[in-house]
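Visitor: Based on these hints, arrange chain B with the ligands on the given structure of chain A.
Chains A and B are the protein sequences, given in the same order. Using our numbering, read the first sequence as starting at 1 and increasing by one per residue. Using our numbering, read the second sequence as starting at 1 and increasing by one per residue.
FYI, nobody ran anything at the bench for these hints, they're computed from the structure. Keep in mind the model is a prediction, meaning the values are calculated, not measured. For glycine and all other residues, C-beta sits at the position ideal for the given N, C-alpha and C. Hints may be right or wrong, so weigh each one.
Claimed, not checked - Below, a list of computed lysine-lysine pairs in the DSS-like style, where the Cα atoms sit at most 25 Å apart:
1. K233/A <-> K201/A
2. K162/A <-> K30/A
3. K6/B <-> K117/A
4. K269/A <-> K6/B
To be verified - Derived Cβ-Cβ restraints for the label pairs, each shown as a range:
5. I323/B <-> W372/A: 45 to 51 Å
6. L312/B <-> N160/A: 52 to 58 Å
7. I323/B <-> I359/A: 23 to 29 Å
8. I323/B <-> R361/A: 20 to 26 Å
9. I323/B <-> T321/A: 19 to 25 Å
10. T196/B <-> G240/A: 31 to 37 Å
11. S310/A <-> I323/B: 40 to 46 Å
12. A180/B <-> N160/A: 55 to 61 Å
13. I359/A <-> D255/B: 30 to 36 Å
As the list claims (entries may be wrong) - Covered stretches of chain A, as calculated for chain B (at least 3 residues, CB under 8 Å):
14. 106-115
15. 450-458
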Amino acid sequence: MGELFLEARNISKAYEGVQALDNVGLSLGKGSIHCLVGENGSGKSTLIKIIGGVVTSDAGEIVIDGGHFHHLSAIESIREGIQIIYQDLSLFPNLTVAENISLNQMVERRTQVVDWKEIRAIAERALVELGEEIDLNILVEDLSVARKQVVAIGRALTQNAKLIIMDEPTSAITREEVDHLFEVIHRLKAKGIGTLFVSHKLNEVFEIAETVTVLRDGRKVGDYDASDLTNDKLTFLMTGETIEYHPYTVDSQVVSEPPVLEVRNLTRKDEYTDVSFSVRRGEILGITGLIGSGRTEVALSVCGLNQPHSGEILVESEPVTIGSPRKANQLGISYLPEDRLTQGLFQHQSIGDNTVIAILRRLLSKLGLIDWTEKTRVQDHWVNELAIKTPSAEVSASSLSGGNQQRVVLAKWLATEPKVFFLDGPTIGIDIGSKSNIHEIIRELARKGMAIVMISDEIEEVRNNCNRILIMRKGRIAGEIEDPTSVDDAEIFRQISGKNGSEVPRT
Amino acid sequence: MNRLKKLLGHNETYLGAVIVVFALIITIVNPAFIKLDNLFGLMKSSSGTAILAIGFLLVLLTGDVDVSAPAIAISAQYIAVNTLIAIDSNSLLLAFVIAIVVGLVYGAINAFFITTFKLPALIVTLGTANLFHGGLLEFVGTKAVNTGQLPDAFKVFGHASIFDLTRADGSSYGLSIFIAVVAVLLLVTWLILRFTLMGRGIYAIGGDAESARRAGFNIKRIQYFIYMYVGLLAGIMGILHISLIRYGNPNYIVDTELLRVIAAVVLGGAVITGGKGTLVGTILGVTMITILEKNLVLIGLSSYWQQFFVGLIIVVGVALTHIQATLRSHHKVVVIKSQ
Ligand SMILES: Nc1ncnc2c1ncn2[C@@H]1O[C@H](COP(=O)(O)OP(=O)(O)OP(=O)(O)O)[C@@H](O)[C@H]1O
Ligand SMILES: [Mg+2]
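Pulled out of the complex, with its shape left as it was, chain B reads as follows:
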């Protein structure tokens, strides 16, 4: 009973229910949706969004917004791939190392401006996003990397799977290795948030930054950690992205990912003013957005609806958290009494 009550108190439960209902409807319209190979495909193609969403959540928990992650991701990707091509290397590991280093450095640049000038992260990252991306186009290049030029390591990685299954017609499909990457990142982030003082500090800052300072938390250190972690995630995402589509364009990711990521995290119940939000919610949010985007066409809606729905989700999501907060404060009296 108590457990049920607790479950009903969570955003995630409702979002989960909505996803199930939605999936059922789509299955009725198109039974192929629920087939394992389709689901595996969806998971693979949404893993990049999931990784960026994890980072976005972390920043949002402190009550800030980092909009530079997509720009970092594409920069990391493009620099890594071009370096590999230039030195004629086929090492995936090296690609990851370069991308991650770029991510960490760019994250540190964000953190430097945010902590030194005590500016809101939104303002700083709006600036650095253009700085990073503009710098990339100006100093690294604007040419696309086509499939032929792309080192094989990426293609192999993009095709690798954790396990394979066979269809009725004898062809096989598998669960992409990307899922393992996302799973590991989720686990690590969860451990950090739940079991380290750094993680609790992130929640504390989101609850009341001044109180966190008075408690003796090293806010600067926490912020460096967060923004560099976002950079790291963006770097990894960049490599996954090019391995997935096997084509590199320095204008990818920047335009497409940001809104989707924000929508997913907000839909997942994270509060825009900080302090509240969970990884489970965020992943459910990504799931919902992915299903929505990939299946609108199925239901007979044009792809312009995609944009419309993502916008709608952000607006409704924000409104819902606000309404919930109001409801909570109305219930407060009851809680005071029932202690």
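Bound-form chain A, shown alone:
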């Protein structure tokens, strides 16, 4: 491994009811590229927060460059050269892109007087490094998740770090941006700057990692040379099981004419043009395409969040106007948003409350009061169904790991049992073991007669789960795949990017 930069020794951390970390050790070499993997709730983020000095461990010590720390503070960690891209990004929504990128650096350097020209210059440099263009004056709260991730990455890169830790930095960004990021990581390595990378996308792990550390249930399984691992082996190390995929086939009994939802010539200026498609009961329709291809925008329009300029929407053959999400709900259309942690979760409410918030009406007893037995039943059902890792449904959502928070939002919308369900990135941030579990739940809903529209970047995900796939490119429907089993990932990728070359998809 070469010379050590950081060592976490015998780290333990317990939260009420959960042993998040149990005697875990981690050694990071100078300039090494190290991946940390494990299922949702296995303790990755907790370990990272301890290294970042924002959570104090119960036992153990951190050794950085020979210096020993029992109680590391955030600023000490930063001054020791550790930069972290947190899973929740830790940005300031009310500040501009420029300030978000530069502010932390000013804190580190003990700047007292702020030079606004410098703030812009630092931010510009960071974005150039990443090959990105974002308006520096825009407020971060107005950015999409993908852009927010880019800002968070840019921020970590501008500082004089010796180690950059990235906790799922790629969950929302596209392939192209991931490529840029990986180039940067290699460039940093050449300068002796190491990276600790967390991702649930194993293909990314294999692409970048030299060493892989696996955590399971707060314990360390082991350190492995990336070259000694295969996809199946790594999955097994993380989960203790092997996972197989079967393509989804529609039950022709359930798929019935006419379509539940039909969209005709939908257009919204500058976003998408002339989009037509329909979906029937029992179908899982995939929509894929690059970010900016218009896929999310179309879904938002159908769900009442983004008014189309022209075109028609028909629900059960009746033309409808969907002016608000409320209207969409009344028509039986639900939408699982892409940006779940800010748009979908009440952090300080309990898991149970988050789960039933959208179906409270259904939980009312004859007297018009909430039926608590029923509420408990529903929330426990979803905690079990989605295997949400928590001691109880009554604890607040903020105590969950990132992936488990994602599940709560998923549960909230699944519980509404809509007729048409739009899922935007249904398994973002969900570990490999649970992905198939969630896919199975989605399939089951379809089998029972729900019409599902699955929007996803992950070609494999749509190919394995959809009986039909629409491909969007530059705001138009560029192709339709009637039988996903007949094409391979490379073909789909070719259609998405509109390139003719035989570039290998790495999604």
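Guide: Relative to chain A, chain B with the ligands alone:
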């Protein structure tokens, strides 16, 4: 074009427009309103509110609420004046020093409870406001300081002006020195908010306190700064107040100022959840409240309407910021696309 668009995106622009329209209406009903001597008078009498509003804004930017400033102001004032009387001093400077020291100490007490016990400032300051005021009445006194007892320095200060103008009848009027005090405090606060890391930290905490902590901001230090700064402002306000009305009563300010200050800051577009708000907005808010309060009688409404309107402004102001936030999130999609 771009500049116009930017201007139209600001709360302050609309509030400014409303003030202008409102002023025009009042001028039509009562042409004396727009006379310079009236405007100068309004500015002078609202300067105390403006100073407290600056402090309130600072705390609100971090997403907290400090309701103890009026209690600090009256305590600082009353202690300072009584000390001067007791030692038979006529030094305005000494009065300011005492008031400011009291303000800083009380502010530090607030900060101590807020940072040590990690309590919301609203809860802490509700408690300390009564503590400070109750302590004042119990340990310092309840007697009013009448004009005759008041050291001359205050009266001189209350009458001092930056420049004087002459009316048609030969009498003169001036722009009070208070305006200079407010202007300096505004400038200093603006510089702090805009150009110091402390100031940016205040915005950062309001945006996301946990992120600010992770970035390495010393939250405790920032909070001490904010609450002591509020105390300092309250101390200054206390001296201005007694110099204006030339009469000291330990029950003044506490009952009257708080709601007005909250209304002004909220009206100025500061968001109650923190992170957003400007000094310009706050000053416009103070202006609006002042015009409203002083002129309702002119339009033929009883003074009970005052209270009603201040309440209405708080409710409407809060609702408006909420509606705006909703509208923003609806527009988000467009922004994502147009990058
Ligand atoms: N603040 C907290 N309070 C209570 N429990 C917590 C808290 N933070 C984390 N936990 C618990 O600690 C365990 C580990 O969480 P952690 O966030 O480290 O998981 P993770 O490996 O990052 O998972 P993911 O892949 O979902 O992000 C989880 O069971 C989680 O519920
Ligand atoms: Mg995590």
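Visitor: Need the status of pair K6/B, K117/A: alpha-carbon distance at most 25 Å?
Guide: 20 Å, holds
Visitor: With respect to the beta-carbon atoms only, verify the hint that T196/B and G240/A lie 31 to 37 Å apart.
Guide: Violated - the Cβ-Cβ distance for T196/B and G240/A, about 53 Å, lies outside 31 to 37 Å.
Visitor: Holds or violated: are the alpha carbons of K233/A and K201/A at most 25 Å from each other?
Guide: Roughly 14 Å between the alpha carbons, so the hint for K233/A and K201/A holds.
Visitor: Using the Cβ atoms, figure out if S310/A sits within 40 to 46 Å of I323/B.
Guide: 28 Å, violated
Visitor: Does the hinted range 30 to 36 Å hold for I359/A and D255/B at CB?
Guide: Once the Cβ atoms are compared, 47 Å apart, the range 30 to 36 Å for D255/B and I359/A is violated.
Visitor: Can the restraint linking K162/A and K30/A be considered satisfied, given a maximum Cα separation of 25 Å?
Guide: Satisfied, since the Cα-Cα distance of roughly 8 Å is no more than 25 Å.
Visitor: Are the Cα positions of K269/A and K6/B separated by 25 Å at most?
Guide: 23 Å, holds
Visitor: Per the hint of 55 to 61 Å, is the separation of the Cβ atoms of A180/B and N160/A within bounds?
Guide: 45 Å, violated
Visitor: Can the stretch 450-458 of chain A be counted as covered by chain B under the rule of three residues or more with Cβ-Cβ separation shorter than 8 Å?
Guide: violated (count 0)
Visitor: Assuming the hint says 52 to 58 Å, is it satisfied by the Cβ distance from L312/B to N160/A or not?
Guide: For N160/A against L312/B, whose Cβ atoms are near 53 Å apart, the range 52 to 58 Å holds.
Visitor: If you check the beta carbons of I323/B and I359/A, does the distance land in 23 to 29 Å?
Guide: With Cβ atoms ~27 Å apart, the hint holds.
Visitor: At the C-beta level, are I323/B and R361/A separated by a distance inside 20 to 26 Å?
Guide: The hinted range 20 to 26 Å holds for I323/B and R361/A, with Cβ atoms some 25 Å apart.
Comparing the model with each earlier hint shows violations of hints 5, 10, 11, 12, 13 and 15; every other hint is respected.
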